[in-house]
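Protein chains in written order, with our numbering: chain A, 1 to 370; chain B, 1 to 370; chain C, 1 to 370.
Everything labelled a hint here was simulated from the structure, so no lab data went into it.
Hints may be right or wrong, so weigh each one.
Keeping only pairs whose Cα atoms sit at most 27 Å apart, straight-line, the calculated BS3-like set for lysine-lysine is [stated by the list, open to error]:
| # | chain 1 | residue 1 | chain 2 | residue 2 |
| --- | --- | --- | --- | --- |
| 1 | B | K319 | C | K155 |
| 2 | C | K155 | A | K282 |
| 3 | A | K319 | B | K96 |
| 4 | C | K155 | A | K155 |
| 5 | B | K319 | C | K241 |
| 6 | A | K319 | B | K136 |
| 7 | B | K241 | A | K319 |
| 8 | C | K319 | A | K319 |
| 9 | C | K319 | B | K319 |
| 10 | B | K105 | A | K319 |
| 11 | C | K319 | A | K241 |
| 12 | B | K319 | C | K282 |
Some residues of chain B that are not near chain A, with every Cβ distance over 10 Å (derived) [claimed, not checked]:
| # | residue |
| --- | --- |
| 13 | K101 |
| 14 | E115 |
| 15 | T124 |
| 16 | K197 |
| 17 | N221 |
| 18 | M302 |
| 19 | K309 |
| 20 | E329 |
Ranges of calculated distance between the beta carbons of each label pair, as one might list FRET restraints [as the list claims (entries may be wrong)]:
| # | chain 1 | residue 1 | chain 2 | residue 2 | range |
| --- | --- | --- | --- | --- | --- |
| 21 | B | E156 | A | L279 | 18 to 26 Å |
| 22 | B | F137 | C | S259 | 28 to 36 Å |
| 23 | C | P238 | A | V120 | 48 to 56 Å |
The structure presented is a predicted model; accordingly, all values stated were derived computationally and were not measured.
No residue lacks a Cβ here, since even glycine has one placed at the ideal position from N, Cα and C.
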Amino acid sequence: MSAPHDTQTETVAASRRDFLRFSALGLAAGAAVAACGGPGNAESAAAPAAAAPAAGGMPHPDTNHTGGTIGAHPRTPQQVRAAADAMDAHHEAGIKSFPAKTQGKGNQKMEPRIENGVKVFELTAAAQKWETEPGKFVDAFAYNGQVPGPQIWVKEGERVRIVVKNNLEQSTAVHFHGVEVPNDQDGVPFITQPPIKPGETYTYEFTAPNPGSHMYHSHHNAAEQVGKGLLGAFIIEPREKRAIENVDVDYVMIINDGSHGYTINGKGFPATEPIVAKLGQKLRVRFMNEGMMIHPMHLHGMHMTVIDKDGWPQPQPWKCDTINVAPGERWDVIVNCNNPGTWAFHCHILPHAEMPNGMFGMVTALVVQP
Amino acid sequence: MSAPHDTQTETVAASRRDFLRFSALGLAAGAAVAACGGPGNAESAAAPAAAAPAAGGMPHPDTNHTGGTIGAHPRTPQQVRAAADAMDAHHEAGIKSFPAKTQGKGNQKMEPRIENGVKVFELTAAAQKWETEPGKFVDAFAYNGQVPGPQIWVKEGERVRIVVKNNLEQSTAVHFHGVEVPNDQDGVPFITQPPIKPGETYTYEFTAPNPGSHMYHSHHNAAEQVGKGLLGAFIIEPREKRAIENVDVDYVMIINDGSHGYTINGKGFPATEPIVAKLGQKLRVRFMNEGMMIHPMHLHGMHMTVIDKDGWPQPQPWKCDTINVAPGERWDVIVNCNNPGTWAFHCHILPHAEMPNGMFGMVTALVVQP
Amino acid sequence: MSAPHDTQTETVAASRRDFLRFSALGLAAGAAVAACGGPGNAESAAAPAAAAPAAGGMPHPDTNHTGGTIGAHPRTPQQVRAAADAMDAHHEAGIKSFPAKTQGKGNQKMEPRIENGVKVFELTAAAQKWETEPGKFVDAFAYNGQVPGPQIWVKEGERVRIVVKNNLEQSTAVHFHGVEVPNDQDGVPFITQPPIKPGETYTYEFTAPNPGSHMYHSHHNAAEQVGKGLLGAFIIEPREKRAIENVDVDYVMIINDGSHGYTINGKGFPATEPIVAKLGQKLRVRFMNEGMMIHPMHLHGMHMTVIDKDGWPQPQPWKCDTINVAPGERWDVIVNCNNPGTWAFHCHILPHAEMPNGMFGMVTALVVQP
Numbered sequence: 001m002s003a004p005h006d007t008q009t010e011t012v013a014a015s016r017r018d019f020l021r022f023s024a025l026g027l028a029a030g031a032a033v034a035a036c037g038g039p040g041n042a043e044s045a046a047a048p049a050a051a052a053p054a055a056g057g058m059p060h061p062d063t064n065h066t067g068g069t070i071g072a073h074p075r076t077p078q079q080v081r082a083a084a085d086a087m088d089a090h091h092e093a094g095i096k097s098f099p100a101k102t103q104g105k106g107n108q109k110m111e112p113r114i115e116n117g118v119k120v121f122e123l124t125a126a127a128q129k130w131e132t133e134p135g136k137f138v139d140a141f142a143y144n145g146q147v148p149g150p151q152i153w154v155k156e157g158e159r160v161r162i163v164v165k166n167n168l169e170q171s172t173a174v175h176f177h178g179v180e181v182p183n184d185q186d187g188v189p190f191i192t193q194p195p196i197k198p199g200e201t202y203t204y205e206f207t208a209p210n211p212g213s214h215m216y217h218s219h220h221n222a223a224e225q226v227g228k229g230l231l232g233a234f235i236i237e238p239r240e241k242r243a244i245e246n247v248d249v250d251y252v253m254i255i256n257d258g259s260h261g262y263t264i265n266g267k268g269f270p271a272t273e274p275i276v277a278k279l280g281q282k283l284r285v286r287f288m289n290e291g292m293m294i295h296p297m298h299l300h301g302m303h304m305t306v307i308d309k310d311g312w313p314q315p316q317p318w319k320c321d322t323i324n325v326a327p328g329e330r331w332d333v334i335v336n337c338n339n340p341g342t343w344a345f346h347c348h349i350l351p352h353a354e355m356p357n358g359m360f361g362m363v364t365a366l367v368v369q370p
Numbered sequence: 001m002s003a004p005h006d007t008q009t010e011t012v013a014a015s016r017r018d019f020l021r022f023s024a025l026g027l028a029a030g031a032a033v034a035a036c037g038g039p040g041n042a043e044s045a046a047a048p049a050a051a052a053p054a055a056g057g058m059p060h061p062d063t064n065h066t067g068g069t070i071g072a073h074p075r076t077p078q079q080v081r082a083a084a085d086a087m088d089a090h091h092e093a094g095i096k097s098f099p100a101k102t103q104g105k106g107n108q109k110m111e112p113r114i115e116n117g118v119k120v121f122e123l124t125a126a127a128q129k130w131e132t133e134p135g136k137f138v139d140a141f142a143y144n145g146q147v148p149g150p151q152i153w154v155k156e157g158e159r160v161r162i163v164v165k166n167n168l169e170q171s172t173a174v175h176f177h178g179v180e181v182p183n184d185q186d187g188v189p190f191i192t193q194p195p196i197k198p199g200e201t202y203t204y205e206f207t208a209p210n211p212g213s214h215m216y217h218s219h220h221n222a223a224e225q226v227g228k229g230l231l232g233a234f235i236i237e238p239r240e241k242r243a244i245e246n247v248d249v250d251y252v253m254i255i256n257d258g259s260h261g262y263t264i265n266g267k268g269f270p271a272t273e274p275i276v277a278k279l280g281q282k283l284r285v286r287f288m289n290e291g292m293m294i295h296p297m298h299l300h301g302m303h304m305t306v307i308d309k310d311g312w313p314q315p316q317p318w319k320c321d322t323i324n325v326a327p328g329e330r331w332d333v334i335v336n337c338n339n340p341g342t343w344a345f346h347c348h349i350l351p352h353a354e355m356p357n358g359m360f361g362m363v364t365a366l367v368v369q370p
Numbered sequence: 001m002s003a004p005h006d007t008q009t010e011t012v013a014a015s016r017r018d019f020l021r022f023s024a025l026g027l028a029a030g031a032a033v034a035a036c037g038g039p040g041n042a043e044s045a046a047a048p049a050a051a052a053p054a055a056g057g058m059p060h061p062d063t064n065h066t067g068g069t070i071g072a073h074p075r076t077p078q079q080v081r082a083a084a085d086a087m088d089a090h091h092e093a094g095i096k097s098f099p100a101k102t103q104g105k106g107n108q109k110m111e112p113r114i115e116n117g118v119k120v121f122e123l124t125a126a127a128q129k130w131e132t133e134p135g136k137f138v139d140a141f142a143y144n145g146q147v148p149g150p151q152i153w154v155k156e157g158e159r160v161r162i163v164v165k166n167n168l169e170q171s172t173a174v175h176f177h178g179v180e181v182p183n184d185q186d187g188v189p190f191i192t193q194p195p196i197k198p199g200e201t202y203t204y205e206f207t208a209p210n211p212g213s214h215m216y217h218s219h220h221n222a223a224e225q226v227g228k229g230l231l232g233a234f235i236i237e238p239r240e241k242r243a244i245e246n247v248d249v250d251y252v253m254i255i256n257d258g259s260h261g262y263t264i265n266g267k268g269f270p271a272t273e274p275i276v277a278k279l280g281q282k283l284r285v286r287f288m289n290e291g292m293m294i295h296p297m298h299l300h301g302m303h304m305t306v307i308d309k310d311g312w313p314q315p316q317p318w319k320c321d322t323i324n325v326a327p328g329e330r331w332d333v334i335v336n337c338n339n340p341g342t343w344a345f346h347c348h349i350l351p352h353a354e355m356p357n358g359m360f361g362m363v364t365a366l367v368v369q370p
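Input sequences plus hints: build the corresponding full structure.
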């Protein structure tokens, strides 16, 4: 197989073009099935195009999206249809804009420099604005301008140095979550090190121990600092891969839910990134939760085979379509991309994924190209 | 074994009579043990019957149910006992009324009609009032007048057609959660189909793929539509059953927590339905969560053997007495009903199950008849 | 192996002395590594001691701990550093005070008396004040003056009698959660017994059935009574231990989150109790959740091997560093204490573990002594 993160990079570049092409194809295919006597509905197919949403407007919860409360304000069929069309137009506009462009992209693979055989990664923590969805800018703390911070990939047994520059106006420290480092590299101020004061630089160094999907994040005033973005994936590739790890697309999905809203890799729908694979390919998703809430992530159309928990192999792989991911947990799953189409992929706590005016937050899509 | 849903239907019809008979028996048995020198307490047995609750009254949280806050308002033993009796009378009244009658019953097995070898199920979505517990009517969206909607049972490999009529005043769509359908049958408006407008009818059709305990529900404005009741069980029976699936009672338990309160199969205690089995029988419970919160469901008296997650067999069955069910998840368990009696069965997030004036919400009972 | 609870008692007595000695050692070791060319940072090491916090003061969220909001109130480097020092001083003070002394200690092993071969445990429920962290006294309901109530340990097959005296000002009852007792010993008022009125005594008796980590707690007005402290560990040791159960330290960790705040064994950090083991020892942690929220418990530095769920062996042990514990669940894990140092051990829902002025709540430490 090719390197998984190279594949991911390709994927990302191609994603918007592929999504739009494929989404249209999906609808066309549906129409074709309807035409040849299969499912689908002529009446629906003949429905007029949804009305454009009024400028800046969304259906008012008390009037337009009740779906008909018994005994309350009867409306004519025309009024009902107009209200439904107005709501649906918001839904359609959201989906058609996916993946929407925003400033900033987090969770990008970081290239280390090599010094005397040591892989050196430099992280600078600083405050900045971050655009989570088009036009929504939030107060963020970022590593290297990214939320989540850049992905760090190393191999089991490699020597690793992490140089942390603190450009925040408060102290910080970096904890390597799940990585079994020596105690003095654990990143907990006043237990294993002094805090890194504003303006200071601090260096961590260790030999990459237990392989798997881990994380790095602040462990100082962490409810605020992690909530605002000081987090990232820390992946230790094993010396020897298991056969099941030979995948075509390897995707890190970090979910969060703090002051940035419900996000996947730092963005809310429709600014989230679709995952793209070709029919027959194998996809690995590395779920990581850096939030304050548990999120049951649900994939449509195909099941997931769970292989690892917190970087450790499960005794035997097991299958599901909804994987419950708690803060601090990592779950690695394999998807055999054998069902072509554009598939919703979202948190199944529905208020984290849809409002009356459409999907938002923890929603993305898996696009399986035929 | 007999057909599991037939057994369930029998069960339901017998449930109130059985529960009352058995509950009384349980208390009588306890008294007998006390009398023959075993556990139980003569002082308690001699306690006067609890005072009837005052009309419409319940113990005030600040005065009667503190259990004695240090230094606050000392009360005489008589006052203390009167307050305890008043609180207990509410508890007793709730339990004695179980299972309480309400209008409407959801989650009933639906008989399809057969057209050219295709199993056809018709679902009509409409707004209505729904009685979740005696006298509590909530705004609901129902399929065929039921919350949850009717159970759909098909066999792996059968051709299935679902005809959806939308009598709501907003658009809708139906997603078959966990069912690996072709993309254009996936029920996500603007990704896989147009929304079903008010008054329209839309048809889904597919060959039943991966067997197991699945669900169907709205995937349009779903936080509201599913929260109000547009959901139901979609069960695909396997071509060949595993030995462990040969059960005497097969029970679908859908939990929810939206604007209808904490419910099991659309009702809150004491209007929930007891599950009834005979001593020595095997019970399968298919837990499904359509809510917004995770609920750890706890069975008293016997353990549960977990066999399936989201319709997929676990690599090996495993045992527990509390199963954590997240939104979108399904967990199938087997209970060997080898401990006779009436056993509480409830969410162990206690504020979902009990208030100062007694049990409510996500509480039911498993009655094992000797 | 020696008896696990004896070991635990030793552990507790030694804990504060060991923690302080070891924590200092950890910092010294870090400095040593820095000096010999390894990681660590000279600039940080030279940082002045943190300023003492102002009397009663903590950094104001809007001014001192923003970490630098873009465009808001620029501060001089001196002001920034002073604010960081003030915040850090709070963090340091919290950690240096750990384990802080408070009145009352819960979760202590209870010695039964033996009557005709029956192990008799007496529990008295009463209201009292409880100090969860230094100076914070909350309204509690306690068994025998302890929150959690005393640990009850029996062996599979032993006859057990539990005599419950109710000194509360409301009725109560005791449920043996996870223990497969006969129905009339199940502790659910009006289903399996009458409530135990204020002033009354009630006796439970049964032969200890299924071994494992179980619990006992109130099952009457339980959201209040359990929330205030009427809960404890009920552990049934198996007739024959599995090899994996031969541990050096056996620790019961009960988490709770009601009106007492986020607690571990009835206390919030820094009043929580460190767990102490020697390098190379095996530790068993028996997690039990008696709260209303799910808590993903995360151990630094070493992984946990999960062996039991709700007292039942998992089909195969599996590894993790974050274990999601839902209300009513018990999870037993083994830690091979092979990484020396003081390791944070906390709920990874960060607002349950850290505030801007430092760690609090569901935080403790595992101290592995070299």
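Right, here's what the structure says about each hint:
no. : hint                           : result
1   : K319(B) to K155(C)             : holds (20 Å)
2   : K155(C) to K282(A)             : violated (50 Å)
3   : K319(A) to K96(B)              : violated (42 Å)
4   : K155(C) to K155(A)             : violated (47 Å)
5   : K319(B) to K241(C)             : holds (18 Å)
6   : K319(A) to K136(B)             : violated (40 Å)
7   : K241(B) to K319(A)             : holds (18 Å)
8   : K319(C) to K319(A)             : holds (18 Å)
9   : K319(C) to K319(B)             : holds (18 Å)
10  : K105(B) to K319(A)             : violated (33 Å)
11  : K319(C) to K241(A)             : holds (18 Å)
12  : K319(B) to K282(C)             : holds (25 Å)
13  : K101                           : holds (21 Å)
14  : E115                           : holds (13 Å)
15  : T124                           : holds (13 Å)
16  : K197                           : violated (6 Å)
17  : N221                           : violated (5 Å)
18  : M302                           : holds (24 Å)
19  : K309                           : violated (5 Å)
20  : E329                           : violated (5 Å)
21  : E156(B) to L279(A): 18 to 26 Å : holds (23 Å)
22  : F137(B) to S259(C): 28 to 36 Å : holds (33 Å)
23  : P238(C) to V120(A): 48 to 56 Å : holds (51 Å)
Violation of the numbered hints given earlier is confined to hints 2, 3, 4, 6, 10, 16, 17, 19 and 20; the remaining hints are satisfied by the structure.
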